[in-house]
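There are 2 protein chains.
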Amino acid sequence: MLDKMIYLDNAASTRLDEKVLEAMKPYYFDIYAVATSEFGYSMGIDAKEALQESRQTIASSIGASAEEIVFTSGDTESSNMAIKGVAAALLNKKDKHIIVSKLEDFPVLNTAKAFEKNGYKVDYISVDSEGILDLEELKNAITENTALVSIQHANQEIGTLQDIEAIANICKEKGVLLHSDATHSYTRVPIDVSKVPVDLLTMSAHTIHGPRGVGALYIREGTPINKWMDGGFQESNRRAGLENIPGAVGFAKAVELVTPEENEFLKSLRDHIIKRAEEEIPDVTLNGSRSQRVPHNANITFHYVEGESMTLHLDMRGFAVSTGSACFSRSLEASHVILGIGGDHERAHGSLRFTFGRYNTKEDVDAIIDAVGEIVEQLRAISPLYEKK
Amino acid sequence: MLDKMIYLDNAASTRLDEKVLEAMKPYYFDIYAVATSEFGYSMGIDAKEALQESRQTIASSIGASAEEIVFTSGDTESSNMAIKGVAAALLNKKDKHIIVSKLEDFPVLNTAKAFEKNGYKVDYISVDSEGILDLEELKNAITENTALVSIQHANQEIGTLQDIEAIANICKEKGVLLHSDATHSYTRVPIDVSKVPVDLLTMSAHTIHGPRGVGALYIREGTPINKWMDGGFQESNRRAGLENIPGAVGFAKAVELVTPEENEFLKSLRDHIIKRAEEEIPDVTLNGSRSQRVPHNANITFHYVEGESMTLHLDMRGFAVSTGSACFSRSLEASHVILGIGGDHERAHGSLRFTFGRYNTKEDVDAIIDAVGEIVEQLRAISPLYEKK
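Chains A and B are the protein sequences, given in the same order. Here my numbering = 1-based position in the first sequence + 97. Here my numbering = 1-based position in the second sequence + 97.
One thing to keep in mind: the hints can contain errors.
Which copy is meant is left open, so a pair is good if it fits within one copy or across any two.
As the list claims (entries may be wrong) - Simulated crosslink set (DSSO-like; lysine-lysine; CA at most 27 angstroms straight-line):
| hint | residue 1 | residue 2 |
| --- | --- | --- |
| 1 | Lys-193 | Lys-236 |
| 2 | Lys-372 | Lys-218 |
| 3 | Lys-324 | Lys-193 |
| 4 | Lys-372 | Lys-459 |
| 5 | Lys-218 | Lys-324 |
Rather than coming from a laboratory, the hints here were simulated on the basis of the structure.
With the sequences and hints as input, model every part of the structure.
Below, the structure is given as structure tokens:
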């Protein structure tokens, strides 16, 4: 059955590209030395060079220098390291005060909540109905003694892009460091840290057909940050742990495989699904922004039906789609993102997130929207909510 | 040239087994869903089952239950999570006091040093000339209010095995938690947590021909431990971050591939290299214990020569060998392990660590010891240290 499934959820971008595995293989089977074994040890030097080339590829993709990139085990570690590392470095220099947006994904949001328990003041900045950050509220919340601001580049559920340049300039003017979780925009929407004064940027391989368990953190030169994971002296003594060289090489290959043409194609799928849903299915709401949106995300509420029921019916028909965020799908809690943009529980529970990847086609989109239309009609026919309408 | 190299350093056990990659592939290309997407989503359920089966394999290998195993990004993260998570959970219940051995690898040793900077008292327990822990010193150092004891199972450089059962029983009697870094013994030397009352155990895939960037932490049921990496609710809300399912499956496969016969074979290689070195090369010292030793390690000091020079000459002849530990090889500092067992700087710098893996043969061992004999003779002929002898 799996062979026939069509994936339009976060798995769509998580499937490994075969070319990525081919790039990784030499570092599993031929050049498998520890990169730190650099004295009189040719394979160790080859391993180190591969690691450095991968680092350069990631750096070049955002206008950084290689020394500013640290490899991690993924976006969750990157964001933990960024926020906790900076907070530790500034503990006696700034106030115990950090600022995040209301829509952050769990690595940032739950780190912020952990900070609150440890005596930090945390401001959660509001967003408008499209998910766009209130810049005035941010300006008013920042003081020169704020330790760190962490505002995501793109949202994990509704795909809203923040004006990260404006946010970074506000932080820079106030002399406060900015971290941004770019997990859901990286390579899909350009960001150039040589122009945008963001200080730390979280990136991950798993959202762009790269390997699981690999991410990176951009750390602008001179940014005060303590070591978070203690141990060996890897990554210029910034992140301990045996280097995952096959992972780093695979990450770099995944970055190289993303093209502007592919991003345009993903955007065409996104716009097609939104257009067909709005034209053909009554009572739908696009969640997020029409213009400030990543190319590979469409999040739509189908009112009067449950997202869980829809995903179940879609699964039986061979379509994989998520409701809410990847992390939420384990619980039945309402999405803090939909609530954050002013939606109610009904809107949160009736939302489907479509995420597009390299292996999707226009035919997939047409097939799924046909199926969604039929399922929504069936479910509404038996919905007490819809009757009352 | 690489094709002709013979690896007898830590890379020997880091080379991925082809069977491991074959086991991982379906989770890269076919079942690549997020394991948490469990509502109405068949691929997510398949992914979750694969993760659970892998967890059960790791658990069974040490006599634990699956719920007691948390997957991590490797041994460094496992040890950080164990020590920092327990310390945070016990912050207001026990003294700011932890105990480690003098020979710990960097994840534990440098976490302990970081704790000292944060106001903790850390006791570093001595070892004898073979690297075996002084149990009396441990007993005297522990109080009922000690937060945690962390003693490695096997040493990373000299392969000395601690009597982890005796250590665990001492801790249990005193009512103090014990963490053990078993990175360098896992699957090579049995440990059964249903009999040995260790509370937390660090394991890693990269030392047994498994994938890089994957490890596990055993956490005995009921052990107080705070979440260290914040974010999503993965791993029963104990470790945040998208599950690396291909990695977990590869780790489990690597565990299954280790057999008692293989461990006996590795032991025969170890004993053969030690025998030939001692019989054929003058002025050598075996570092570590003859009897209490992992099967895949031999660490030998060749007096009056520099380990760095030996590795360089061996590399040119097509042999990869390490001096000191993997982490030390970046710097020229003397190994704290050799110093810890009472060796001086000369002994530390003249030591070679041979590590044996699945792909080594008796012929490799004979070839390398032939080469070592010749190189040592050459280097000694030009060594001012040797002249003075």
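For Lys-372 and Lys-459, with the copy left unspecified, which applies at a CA distance of at most 27 angstroms: within, between, both, or neither? within (13 angstroms within a copy, 68 angstroms between copies)
With 27 angstroms as the alpha-carbon cut-off, assign the pair Lys-218 and Lys-324 to within, between, both or neither. Answer is both: 23 angstroms inside a copy and 20 angstroms across each meet the 27 angstroms cutoff.
Have a look at Lys-324 and Lys-193 and pick one of within, between, both or neither, based on CA distance no larger than 27 angstroms. both (19 angstroms within a copy, 21 angstroms between copies)
As a check of your reading, is Lys-193 near Lys-236 (CA-CA no more than 27 angstroms) within one copy, between copies, both or neither? within (18 angstroms within a copy, 40 angstroms between copies)
Within a copy, between copies, both or neither: where do Lys-372 and Lys-218 come within 27 angstroms Cα-Cα? This pair counts as neither: shortest intra-copy Cα distance 43 angstroms, inter-copy 64 angstroms.
In summary, the one numbered hint that this structure violates is 2.
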